[in-house]
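J.: Given the structure of chain A, go ahead and fit chain B onto it with the hints provided.
2 protein chains.
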Amino acid sequence: MAEPKTNELMDKIVSLCKRRGFVFQSSEIYGGINGFWDYGPLGAELKRNVKDLWWRWMVRERDDVVGLDATIIMHPQIWRASGHVETFSDPMIDCKTCQGRFRADQTNEISCPQKPSKMVSECHGEKTAPRAFNLMFQTYVGPVQDAASVAYLRPETAQAIFAQFKNVLETSRQRVPFGIAQVGKAFRNEVTPRNFTFRSREFEQMELEFFIRPDEAVEAICGRVAPVAEVFGVPPSGGAAPTAAGALPEPQPNWGWEVWHKYWVEQRIRFYESIGLPRTTLEEYWQKPEELSHYARATVDLLFQFPFGTQELEGIAARSDFDLSQHQRFSGKPMTVFDDELKVAWPKLDPARQTELRDRYAQARLRYLTKTGEPADKAERQAREEAEALTKGYYIPHVIEPSAGVDRLALALISHAYTEDQAPDEKGRLESRVVMKFHPRIAPIKVGVFPLLKNRPELVAKARQVRDLLRPHLNVFYDEAGAIGRRYRRQDEAGTPFGVTIDFDTLGEKGPELQDTVTLRDRDTLKQERVKIGDLLSLLLEKVR
Amino acid sequence: MAEPKTNELMDKIVSLCKRRGFVFQSSEIYGGINGFWDYGPLGAELKRNVKDLWWRWMVRERDDVVGLDATIIMHPQIWRASGHVETFSDPMIDCKTCQGRFRADQTNEISCPQKPSKMVSECHGEKTAPRAFNLMFQTYVGPVQDAASVAYLRPETAQAIFAQFKNVLETSRQRVPFGIAQVGKAFRNEVTPRNFTFRSREFEQMELEFFIRPDEAVEAICGRVAPVAEVFGVPPSGGAAPTAAGALPEPQPNWGWEVWHKYWVEQRIRFYESIGLPRTTLEEYWQKPEELSHYARATVDLLFQFPFGTQELEGIAARSDFDLSQHQRFSGKPMTVFDDELKVAWPKLDPARQTELRDRYAQARLRYLTKTGEPADKAERQAREEAEALTKGYYIPHVIEPSAGVDRLALALISHAYTEDQAPDEKGRLESRVVMKFHPRIAPIKVGVFPLLKNRPELVAKARQVRDLLRPHLNVFYDEAGAIGRRYRRQDEAGTPFGVTIDFDTLGEKGPELQDTVTLRDRDTLKQERVKIGDLLSLLLEKVR
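First to last, the sequence lines map onto chains A and B.
If you read the first sequence in this note's numbering, its first letter stands for residue 43, the second for the next number, and so on.
If you read the second sequence in this note's numbering, its first letter stands for residue 43, the second for the next number, and so on.
Extracted from the complex, chain A is given alone in its bound form (with noise of 0.2 Å):
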């Protein structure tokens, strides 16, 4: 079958999701509102999936890792700490002709209200110089609106995870190196919304910050910091660690922040893997210097190759201790560790290497100072003084940041899956079909379970009888009504990876030795064995999990 062109697929998505239940355009009764959607029956259980296999393979399977759940609006102070409330803004253009608004940088790309055949760039509008709008939602918390009053909705999760950062540590065992997660909501106010879902206005992220030692202390405890080669057999941005999926080396107490950068670029790439977008349909883009934002000493996007261009699902940053840095300076609070293997090991360095770690540390410290307009000779005694707490065990831990889209996510799983092909009707003539051919652990529903004919009670029994044994372990679609081939295509559509039919060899009338076995088919191949009742529950468990 050829390939659909690109507009054409994505029009065969878009349109697939609201007919499947997948996702419907918020408030579509009252004519919508832009950048936002809704996900339906299928969507939702979509994207629980996408989060629980996240939130387990990244929360409950470490050690390392703790949750957080944190609230949407936080303190002011935070949006002015983290830089937001300054900088989070795209440039703006008003058009005096139209009365549109569009961001500054993507007038070769949207149409003209009036003049649709033209780019915005290309109109004879009269536009007014680009200014910066502030994509933070704005609102106000108690009975009084005044400035003191303002909130914002959180742009990212990330912040309440460094603002909760002194809490967790001190409840949870966890000492650095150590993570804490969070997935939830988000908001920004972009100008215009657009590709579907990709780049919505309300949002979910899972965002993990892994904390780690500055390199001085791990150079300090461990003699050296590993080489990126030498931990994963190739250069730090060299393409893909030569390891099996899964087989990631285990954490050790000489990596430094580029090794720890390289394994969780390594452990994203395995997450995705293991959901259904293979290595092949990812690309690593490694930033280059001049991209990188100011603290970022390396930010890898993974991207995925939507319908509309490739486009970034997952940025992975190496942040330097700019975060706690900053929310340190704003709050008056120390963000910094006590070390206890930092501390023990100092004395035991030789003057040479004390000397050169201290300055080493010292001079990074200042260039973060420097940034925050500190005047010299005060930042330069506070970065002394910092260099010198580092000696006795304090530091304030680095960061790794794997921060993920949910909706992103969802719907590159959605465009991986969509495919179109041939199976074989009630009659065995092959007819065109629509499959989403999801991987079984994120399938919204995992198997179908039909009796063969809905008026006969007997099949009716034995299908709620084996619906009723799989329901408390796998989402389960019943479905007793029309042909079973329709029965069967509708869940090929929704991506359900198994069918079970209960038929009259069920039952036992073609004899014994097909009593209580049921038809098994497999959505990719069409294949469909027999099965005992008593075996399927362990075999679909395996397929699923």
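The hints are simulated quantities; they were obtained by calculation from the structure and are not laboratory data.
Keep in mind it's a predicted model, so treat the numbers as computed, not measured.
Below, computed lysine-lysine pairings styled on BS3-like, alpha-carbon distance capped at 25 Å:
#1 LYS569/B to LYS585/B
#2 LYS227/B to LYS227/A
#3 LYS375/B to LYS413/B
#4 LYS93/A to LYS93/B
#5 LYS469/A to LYS552/A
#6 LYS93/A to LYS227/B
#7 LYS496/A to LYS569/A
#8 LYS385/B to LYS496/A
Computed footprint of chain B on chain A; a stretch qualifies when at least three of its residues, placed anywhere within it, have a C-beta under 8 Å from a C-beta of chain B:
#9 64-73
#10 97-108
#11 117-124
#12 183-196
#13 213-220
Idealized CB from N, CA, C, for every residue including glycine.
T.: Below, chain B without anything else, positioned relative to chain A:
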């Protein structure tokens, strides 16, 4: 041990929540933000478990409920249709003396900020007359801040379900009666948030809207509506149904709104029982006719005895067809469904019965339409038309709404779990302990895994094997450090129901019969039993599911 006094108990609970990382004040390092609370590692897991179990119970294990995941910001017209723009407000007074703002109905309960020894109602501050303060948080969507771009943070999740009712109905193969469930954040700009997490400004809801036939349709199809006493053996508001937990009657076509309402009250109580809140800790409060909202036919509040008083956990309301009717009126989009069983049944009724049912339905619709402010003649005409449509199989579904608060439930579970008792230390001496007696189903951590000694590599290696065996299926806390008694005590405070200790017997040092067995400790009974590692997983899974 003496029961601690109420406020003392609440203080202890708040202190434990902070100390063990269940709940932190949002933005604490910036002095906090009133009415916002973050969940730390243990709290985040507790909340996840509560929400997951609700979803499993209400959606995945039923054929007749599907999920939805809608946006927090929706079209503002939704809140006009729901009545929130006009009437979702609290009466507020200003004090001109101290500049404070207070709920007019709470001046007897709140201390004067200037003279804390007096209540606001008793102090001498000069106060304004009460006026309405709308509790919805307001923001602007898009680059222009004007009346046309005003939007609200949803004050409840329910309305999205009504707004997407038709989309879900058309894509999910459901037919009335069926339900749509949603879990998500909601926001209310409370004038005086209080009682810890009980009344906060940002909270999470778990809501089901269960759509049913109007009684007239049930009567036309089944001849009569089954009385509550017949189905449950008790009158509508008459205490507990005498069936065993989990053994509610299967829904039947002849159930009208009263039976469905009672069914959901009973279901919800069983849910609370299943996660460790016995029926004796709950109270049913049936609202009196004069307390009901004008559209509600019955509302039951399920109350829990918090340390600060008996307060609402959940409301289960029979809301008639008010909500869908409002959205039909405000959106102009029909919210009627077609019911072929009704269409088939109607012509078979005798004419007197037809007239009676049609008139009764018209009267009910007329009551609704009159309240909307329609002119009498127009309302009467429309009511007649709608009753005529009923005879062809069309109606607007009625709804039963069980609406629960996640944060309230988490607080109830924490309050109920909090226990002080005595347990033996290492040397068998009794010492007092705090133990959180969570039901294993909702406990944040299911099992602690402990090597007896940290400095014996064989113990540590074996303990890690056990951890890795259990972890894919259960939330495990692995802890090597400190005396075993202290490790137990820490897990008691976290509410971990089971502890597994790997000792020298496990290694076979006391003979082959104990090799590969571990000690399984029960948090509540303190009993320790010897269990084979091979039996551990299935034994634990049975207890936590």
